[in-house]
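There are 2 protein chains.
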Amino acid sequence: MSLLTIGTAAFDDIETPFGRAERAIGGAAVYISWAASYFTRDVRMVSIVGEDFPQTELRELNQRGVDTAGVEVVPGRKSFYWAGKYQHDMNVRDTLATDLNVLADFDPELPDVYRNSDYVMLGNLTPDVQMGIISQMEPRPRLIAMDTMNFWMDNALDKLLDTLKHIDILIINDEEARQLSGEYSLVKAAHKIHKMGPEFLVIKKGEHGALLFNSEDIFIAPALPLAEVFDPTGAGDTFAGGFMGYLTKTRDTSFENMKRAMIYGSAMASFCVEKFSLERLKELTQEEIYDRVQKFRALTYFDGIEQVL
Amino acid sequence: MSLLTIGTAAFDDIETPFGRAERAIGGAAVYISWAASYFTRDVRMVSIVGEDFPQTELRELNQRGVDTAGVEVVPGRKSFYWAGKYQHDMNVRDTLATDLNVLADFDPELPDVYRNSDYVMLGNLTPDVQMGIISQMEPRPRLIAMDTMNFWMDNALDKLLDTLKHIDILIINDEEARQLSGEYSLVKAAHKIHKMGPEFLVIKKGEHGALLFNSEDIFIAPALPLAEVFDPTGAGDTFAGGFMGYLTKTRDTSFENMKRAMIYGSAMASFCVEKFSLERLKELTQEEIYDRVQKFRALTYFDGIEQVL
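So the protein sequences, as listed, match chains G and R.
Going by my numbering, the first residue of the first sequence is number 1, and it counts up by one from there.
Going by my numbering, the first residue of the second sequence is number 1, and it counts up by one from there.
Pulled out of the complex, with its shape left as it was, chain G reads as follows (with noise of 0.2 Å):
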């Protein structure tokens, strides 16, 4: 089975509480890829670079056997930027810069290989790019997971609704199922969410773990607590890349191993907190992942609730 994702591949200014990485290698295109090539050796990546963009990290993807023939290098151009800072509290971060450069003219058509991909993870882009990979798919894909962002709440919310009716899995975090919505509540926000297309809805929390609705079930993952969090950055591309492999992996895509998929993408995510970058997502082992997801399930699991009443 092969997974397609599309998204950002940037240069990233990141200052923690921890401390700060320059020009570290980032993006939604990136971190997906990175955690789905632990779970399958066909992934097919579309994202735009400049120039400046160094070959390495493609060849390096390449060996994790992700396609990177989707991804266009602009001569005499520069990468996506983006100078982010994060508070005490993690889930809180300040954007200081966001540099557009090659990713204003991004339109990608699709390599012919990619289009008959079996799932689908497009990480936070335009609506119209996003809808634009959609129509390019031939035949349908099995699974069509989509994240988002307030900006396109905001600025684009008619092709934004557009493009919902298109999918099946939505991944936002709290605060944009809440504006996406207009409920405070996440359970009416997820029944809202649902009437817009999506039959699955994935909202991150954060620190306090990840939910996953359909029209009738909940399922919480917890987020494991960690002494420290040294950067926050890409963690939610990382679950959903780690999602999606895992349903990749499995093709299954039922309610009960979707919450496996949760359980694997919020393993792979707590591990990308706990170096900056990508640093610790490239340097993971099969068995690291293995007994992480050994101790999420110990985080939450219980036996033996008898009637005692």
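Worth flagging that the hints you see were computed from the coordinates, not collected in a lab.
Among these hints, one or two may not hold up.
Chain copies aren't distinguished; within one or between two, either way the pair holds.
Cross-link-like lysine-lysine pairs, in silico, DSS-like; alpha carbons within 27 Å at most [claimed, not checked]: (1) Lys85 / Lys165; (2) Lys205 / Lys159; (3) Lys78 / Lys275; (4) Lys282 / Lys85; (5) Lys188 / Lys165.
Add chain R to chain G, keeping to what the hints say.
Chain R only, in chain G's frame:
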């Protein structure tokens, strides 16, 4: 097995986005006792009220098996009064008024039959009063749990730290854990708080659930995602009452059994917020409680995490 609890009995004026309640019956000891009464018929309540407090409320508790011999009624004085207002984020509340009234002179002497109680739940009060109860117990109870709040950290820290050396479980919220420890990370906070005395720590996070720590392990109980939280007043005390009630009923203070107590406590709290004041807590059936516990299980339960990588 018997459970002794001490705390306020109060009139609450409450305003939430869903409405308001005036002079509703509340207070930590009242919520704790009601919640615990679904688990054990041997609850011993210590509190203080003025002559304005309805005798019917104490009689209702008696009918639930709660001994109110330890509730002092002061003629010619008024009961403790609290007024508060909740915003849409029900984790945040503004206190509009606090009239200590009879609580200002609270210096309880335990009825003799209370002194040998097996389990103790010290509701939020000045650490002097909490320590006074501990010193009157004979023999030392099997388990002493305690709640506290920021106010005592600001105004009676030495006495609070002294009291912490004599208890087994501290039950506080995330903000309080951070202030008490001086650590933002709850993992680090737990580590420091263990060194202050309590072997176990429960950190309540409202809609984000609750964490149980001992020196080695962590357990996470989810909160039930609700479409509407009508009134969070008393939810923390209701959690504590359910938690300690379950331990009293099952006579097992192992970490494994505390996990189950966390779920029962969370289930009780999820009922509490469905209506104003004690309304929902007074009308529960054992079937409802057991069904709710099964819902909590379904929220986080998953199986079949095989080594798929």
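Each hint tested on the structure:
no. : hint            : in the structure
1   : Lys85 / Lys165  : neither (34 Å within a copy, 40 Å between copies)
2   : Lys205 / Lys159 : within (25 Å within a copy, 37 Å between copies)
3   : Lys78 / Lys275  : within (26 Å within a copy, 57 Å between copies)
4   : Lys282 / Lys85  : within (23 Å within a copy, 49 Å between copies)
5   : Lys188 / Lys165 : within (19 Å within a copy, 44 Å between copies)
The earlier numbered hint that this structure contradicts is number 1, and it is the only one.
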